[in-house]
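**Student:** Chains as they are written, first to last, in the working numbering: chain A, 1 to 294; chain B, 1 to 299.
Rather than coming from a laboratory, the hints here were simulated on the basis of the structure.
Keep in mind it's a predicted model, so treat the numbers as computed, not measured.
Any given hint might turn out to be false.
[Claimed, not checked] DSS-like cross-link-like pairs, simulated, lysine-lysine; straight-line CA separation at most 25 Å:
| hint | chain 1 | residue 1 | chain 2 | residue 2 |
| --- | --- | --- | --- | --- |
| 1 | B | K77 | A | K259 |
| 2 | A | K235 | A | K211 |
| 3 | B | K55 | B | K168 |
| 4 | A | K156 | A | K211 |
| 5 | A | K211 | B | K143 |
| 6 | B | K77 | A | K73 |
| 7 | A | K87 | A | K60 |
| 8 | A | K60 | A | K90 |
| 9 | B | K77 | A | K60 |
| 10 | A | K259 | A | K275 |
| 11 | A | K259 | A | K238 |
| 12 | B | K166 | A | K87 |
| 13 | A | K54 | B | K209 |
| 14 | B | K168 | A | K48 |
| 15 | B | K33 | B | K161 |
| 16 | A | K87 | B | K161 |
| 17 | B | K55 | B | K166 |
| 18 | B | K29 | B | K161 |
| 19 | B | K168 | B | K29 |
| 20 | B | K33 | B | K168 |
| 21 | B | K209 | A | K259 |
| 22 | A | K120 | B | K55 |
| 23 | A | K281 | A | K238 |
| 24 | A | K278 | A | K288 |
| 25 | A | K235 | A | K250 |
| 26 | A | K73 | B | K168 |
| 27 | B | K209 | A | K52 |
[Stated by the list, open to error] For the chain A half of the interface with chain B, some residues (derived, Cβ under 7 Å), not all of them:
| hint | residue |
| --- | --- |
| 28 | G7 |
| 29 | D36 |
| 30 | Y80 |
| 31 | G81 |
| 32 | S85 |
| 33 | L86 |
| 34 | G103 |
| 35 | A106 |
| 36 | L108 |
| 37 | I142 |
Here a beta-carbon is modelled for each residue, glycine too, at the ideal position from N, C-alpha and C.
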Amino acid sequence: MVSGKGGSGKTIITASLAYLFDQEGLKVMAVDVNVDTPNLRFLLPMSKTIRKYKVYISRKATIDDTKCDGCLKCLEICPYGAIESLKGTKYPHINLLYCEGCGACALLCPASAISMLEWKTGNMVLGETEFGFPIFTAQLEIGGHSSGPLVHEIRKIAAEIARDMGIDLLVVDGSPGIECTVIASIAGASYAAIVSEPTPQSFRGAFRATKIAQEFRVLSGFIINKSMGYPVEEKAEKLLSVMNARVIGKIPYDYEVVKSLAVTKPIVAYNPESKASKAIKIAYENIKLGVGLK
Amino acid sequence: MSFTVAVTGGKGGTGKSTIAVNLAVVLSKMNYKTLLVDSDVENPNDHLFLDVNPKRVMPIRVFTPGFDVDKCTTCGKCVQVCPRGAIVLGVDGKLMVFYEACIGCRVCAYVCPQNAVHDMGRDIGYIRIATRNGLRIIVGELKPTESQSTLAIYKLMCFVKSDIEKEKYDFVIIDTPPGVDASVLQSLRMADVAVVVSEPTPLGLETMKLTIEMLEAINVMWIPLINKSNISEEYREMLLRLCREAGAREVFEVPYSEEVFKMNMSYRLLVESDNPFRDVIISLAKHVIELRDARISSR
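Let the hints inform the model, and build the full structure from the sequences given.
**Tutor:** Structure (structure tokens):
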């Protein structure tokens, strides 16, 4: 599940799809790869924690003061301005909050005084939702870099867990944005559902996600959320048909969804008869067709 | 002395830009020389509130490797050292660069034994400037398809720093991107105080916690502001408790009103007419003025 812009409704739809798959008796696991602000667990609350993981795929530079001769060449090299010279000492100081771990300083230090340390990127938690199926979420360390490699790592571990637990299906809540995290979310998936709200900004990002899916030869379907019949929707649908992309669902704007958020439940569980739930079920049936479950 | 106020908050759509713009306008009207910086480079929109069209004054340029085919022996050293895996040796024996992943660190150029890597340079965005009734606004804008927002913000902040040294503003207001990642930290580098904007929802509460944790880690003083405070009494209470327990003395609150929404839609500034929102922004402005005065007298 991906989108160009944040706030378009990915998490709400992801939670609903996972719930519907579980209701049908499929072995499903919900995965949150939106590492910056993971909030799938607010709609699929965890009733118990099964296992915790720590991820170390980041690096940070460190200076050995006994080797450093204070030439301060590293200050000029650092592309992020993370190396500072402090008053009262001739040695440079690495501000770890800003260090992105590129390793340029370590490579170029004439005294070989800088080395790269492995650094904690974030935590991952495997838990069980109150509906009984498993959920896997990750939280980035503060100031960390929400990068493609991290999303890739989460998906790798999620796939291993799925194999061990005999899971049939992973429903992945992707991260918003237009870049490498989205590519990492889509590549290798069996199906990509692309969510957009009916605003030009949101459509722009979602079209891009559609193109990425097509480039990676991942079957995709387009969902218009908070649909209100605006002219911009009609225009977007025309563009999508030119792009050879399919609209698999149009979810109307429904205040019941806001209420379901307040009680932290997927809308299809909170009020299965609401307009939004019915529309989500149509998208769900289309996705099932798409992945060959029907 | 320039006093820098960052307006931040974990979640998108809580009202950071609305608060930042109106605070800057109020301070400017009180005859303080004010600069507004929009560092939400992926989606800058402060200038829309002010109804100005900032001019592009300079590109945000970063190093990008280009390979000299005559010198390159395709030894693959650059492929090994690239921290983002942005250089790939293709099946045809040619080097390919995924520009979107390149962070411009120059490591490839440093290691190349043949000296075959040169700087092609690439513009990842623009710095734009406008002035409205004496209020200056500097906008950082990332080009669509570019992903190095942290790098763009770092370059933007370097520009802002030199501008502050030249212009000697009384106040600098920085509108940061949402989140708690590296791009937000870069935006907060110069901040003397941060206004944390949140809303009373489960997600707003959770991101408030993360934001406070981040600000404590970088040792920046913070002022909480609960926007749309009347949408849930339950979560409002929880937010208030969280702020007090974390040591906040004063919490600012702005109620949700249709009027705010309508005025934002019609490009009218909230502080330029009479409404409850205006009073909150004025008291927030007075609060930051006090903080600045205290800072000056302590020197």
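**Student:** Are the hints correct? Go through all of them and say.
**Tutor:** Hints versus structure:
no.	hint	in the structure
1	K77(B) / K259(A)	56 Å, violated
2	K235(A) / K211(A)	17 Å, holds
3	K55(B) / K168(B)	22 Å, holds
4	K156(A) / K211(A)	24 Å, holds
5	K211(A) / K143(B)	18 Å, holds
6	K77(B) / K73(A)	22 Å, holds
7	K87(A) / K60(A)	23 Å, holds
8	K60(A) / K90(A)	21 Å, holds
9	K77(B) / K60(A)	21 Å, holds
10	K259(A) / K275(A)	13 Å, holds
11	K259(A) / K238(A)	33 Å, violated
12	K166(B) / K87(A)	24 Å, holds
13	K54(A) / K209(B)	21 Å, holds
14	K168(B) / K48(A)	55 Å, violated
15	K33(B) / K161(B)	15 Å, holds
16	K87(A) / K161(B)	20 Å, holds
17	K55(B) / K166(B)	20 Å, holds
18	K29(B) / K161(B)	23 Å, holds
19	K168(B) / K29(B)	17 Å, holds
20	K33(B) / K168(B)	8 Å, holds
21	K209(B) / K259(A)	23 Å, holds
22	K120(A) / K55(B)	41 Å, violated
23	K281(A) / K238(A)	24 Å, holds
24	K278(A) / K288(A)	15 Å, holds
25	K235(A) / K250(A)	14 Å, holds
26	K73(A) / K168(B)	31 Å, violated
27	K209(B) / K52(A)	21 Å, holds
28	G7	5 Å, holds
29	D36	5 Å, holds
30	Y80	6 Å, holds
31	G81	6 Å, holds
32	S85	16 Å, violated
33	L86	15 Å, violated
34	G103	6 Å, holds
35	A106	9 Å, violated
36	L108	6 Å, holds
37	I142	5 Å, holds
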